[in-house]
Amino acid sequence: MTETVEEAVAPDLVAYPAPETPRGRYLADHEGLMGTLFLAPAVLYIVLLVGIPFFLAIAFSVTDVTVGNTSMDFVGLDNFRRVVTTPQFRRALLNTFFFAVVTQIIVIILANILALIMTRDFPGKWLARFAIILPWATPISLGTIGWLWILDSKFSPIDWVLQQIGLLGPDTLLGPGRHLLYLGREELAMGSVILVHVWRILPLATVILMAGLTSVPQDLLDQAEVDGASFSRIHFQVVLPLILPIMSIALLFGLIFTFSDMVVAFVLTRGGPVYYTQVLPLWAWFKGIDGGSLSEGAAIALFIFPVLLAVAILILRSARRSEVA
Amino acid sequence: MKELKSWPQRIMVYGLLLLFVFFAAAPFLIMLINTFKADQDLYRPQNNPFLYNFPPTLDNLRLLFEGTNYLVFVRNSMIIGVLVVLITLVIAIPAAYSLARLAGRWGERAGIMIFLVYLVPPTLLFIPLFRVVVAVGLNDTIWSLVLVYPSISIPFSTWLLMGFFKSIPRDLEEAAMVDGYSRMMAFFRVVMPLSWSGVIAVIVFTFTLTLHEFVYALTFISSSAQRTISVGVPIELVRGDVFFWQSLLAAAVIVAIPVGIVYNMFLDRLVAGFTMGAVKG
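So the protein sequences, as listed, match chains X and Y.
Read in numbering that gives the first Met the number 0, the first sequence has 272 at position 273, and its numbers run on one by one without any break.
Read in numbering that gives the first Met the number 0, the second sequence has 34 at position 35, and its numbers run on one by one without any break.
Be aware that a few hints might be false.
Stated by the list, open to error - Derived lysine to aspartate or glutamate pairs resembling DMTMM-like cross-links, with alpha carbons at most 20 Å apart:
#1 Y:165 to Y:107
#2 X:124 to Y:267
#3 X:153 to X:170
#4 X:124 to X:170
#5 X:153 to X:120
#6 X:153 to Y:38
#7 Y:165 to Y:267
#8 X:153 to Y:40
#9 Y:165 to X:30
What the hints assert, rightly or not - Derived contacts from chain X toward chain Y, CB cut-off under 10 Å, selection only:
#10 135
#11 142
#12 222
What the hints contain is simulated information worked out from the structure, not anything from laboratory work.
Think of the CB as a built atom: it goes at the ideal place given N, C-alpha and C, for glycine as much as any other residue.
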């Protein structure tokens with residue numbers, strides 16, 4: 000700000016490189032120190048409780064450390080070799096990707112529809128927004144308990160409704176059993192985990208997309224309408240390209256949250272039936288904490304890191320693109 | 000957005016909205032209904048699960064508050080939440096101000112780096128952190144969580160506040176400093192009074208984060224008296240194979256509704272943080 004004033008008053012001064020007054024330099028030094036002091040506690044906290052633990056995780060994964068045995072002997076890649084050969088790990092790896100990707104596909108379609116509706120004005124909008132945001136605002140371990148009841152093997156309200164409309168029970172389409180046993184059968188259990196993830200991530204994606212939609216300049220839309228473009232044409236050829244960077248941010252956040260989550264599988268199925276809904280973070284917990292083999296648990300958990308890194312880089316890119324747009 | 004033109008269009012759009020609202024709210028409605036259901040009503044599969052077939056009862060709530068550790072979980076979560084909020088504010092406010100004003104050109108980059116730390120999930124770090132917590136003697140106490148949670152809340156909060164401080168014109172502080180204020184005084188007298196809504200957003204975000212967190216709370220703590228709500232309710236309120244379903248669902252919905260209301264009020268701020276300031280909320 001001061002530079003522009005100087006430029007306006009005495010343009011010839013600008014020709015000299017950095018004509019700093021002693022007082023200015025003193026202030027800059029002083030503020031540099033202050034800046035460092037202000038930033039130091041945050042950096043220290045992050046280094047001590049994120050940075051060092053991250054390298055500890057790598058160190059654990061190449062040793063034989065357990066909960067009981069604190070001595071760390073180097074064992075090379077033995078842990079990785081051992082965990083990778085188990086069917087539980089392979090299933091967990093596949094499931095982690097499968098759940099995250101399928102969830103995001105469903106979420107992004109539903110969120111686009113819901114965000115379009117929610118950017119309109121209608122009576123009771125506050126209440127609708129409150130209801131829609133609830134799954135994201137509630138601790139997921141508690142929200143999942145509600146689903147645990149809804150998907151219960153004996154008392155599921157869904158089963159009851161299906162029975163009433165004649166779809167479930169003896170001599171019906173979904174019968175003859177009176178219950179679908181959502182959490183007891185492989186495909187249904189996997190579907191249930193995805194359902195709860197969709198339920199939980201949809202609000203986040205929706206509110207991010209709503210923010211994107213409201214940032215689209217109204218005169219652009221008016222112009223397109225004056226030109227006679229149909230709603231779907233305006234939406235797909237004007238609006239969608241504009242909100243694409245923000246949509247990708249919503250997508251990537253959802254991907255991270257689903258990919259690294261163990262709560263839904265823990266509360267809903269504990270990885271079961273058998274290990275058909277096992278995911279990497281939960282398997283790492285079972286091995287590392289429940290089973291006490293810190294080294295194997297650390298090795299399993301590290302498998303989620305490359306994906307997180309890739310997604311983080313993509314988020315940065317989309318953020319930069321949306322700044323330009 | 001334009002008004003919908005025809006009635007069939009309106010009915011379709013609002014019908015769709017109702018479906019979404021029902022999908023989002025259904026688990027909470029079920030929780031709320033079951034909170035007051037008598038055993039003989041709930042545990043008969045042919046009963047309508049959405050209605051009271053027997054008179055509603057307060058027995059389940061009584062059991063929850065008097066027969067379980069629920070209130071202990073609530074107290075633990077409140078203590079952790081308040082302390083973590085305080086630690087976060089004390090550390091994140093100066094850091095954000097430093098990145099917004101004092102750090103110069105690399106401030107923006109450092110800010111993004113700090114934000115990326117927020118993306119490192121607990122599921123990657125819980126095993127080494129368990130060791131760390133044991134090493135400093137905090138395992139099986141709520142203090143382990145008070146220590147560790149700021150490592151999640153500080154990055155996002157710093158990022159959020161940085162955006163706030165940047166939106167305050169530099170001239171205001173510089174004018175104050177010309178008037179003889181030190182940088183520190185200018186910060187407290189000029190910048191902070193303009194930043195309350197950002198500070199409140201950080202408080203809401205941090206507090207809900209401590210309520211939500213599950214992985215660390217499950218890993219570091221094993222005795223019932225130290226458990227938090229998010230772990231205590233799903234772990235401790237299920238005894239063996241016996242589910243006290245109504246009390247369990249009540250425990251969940253009692254937390255969900257107030258958190259949802261508060262969260263809803265500060266949603267726009269948090270969204271602006273998530274979209275990295277690309278969209279003004």
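Here is how each hint holds up against the structure:
no.: 1; hint: Y:165 to Y:107; verdict: 11 Å, holds
no.: 2; hint: X:124 to Y:267; verdict: 15 Å, holds
no.: 3; hint: X:153 to X:170; verdict: 19 Å, holds
no.: 4; hint: X:124 to X:170; verdict: 44 Å, violated
no.: 5; hint: X:153 to X:120; verdict: 42 Å, violated
no.: 6; hint: X:153 to Y:38; verdict: 14 Å, holds
no.: 7; hint: Y:165 to Y:267; verdict: 18 Å, holds
no.: 8; hint: X:153 to Y:40; verdict: 14 Å, holds
no.: 9; hint: Y:165 to X:30; verdict: 17 Å, holds
no.: 10; hint: 135; verdict: 8 Å, holds
no.: 11; hint: 142; verdict: 6 Å, holds
no.: 12; hint: 222; verdict: 14 Å, violated
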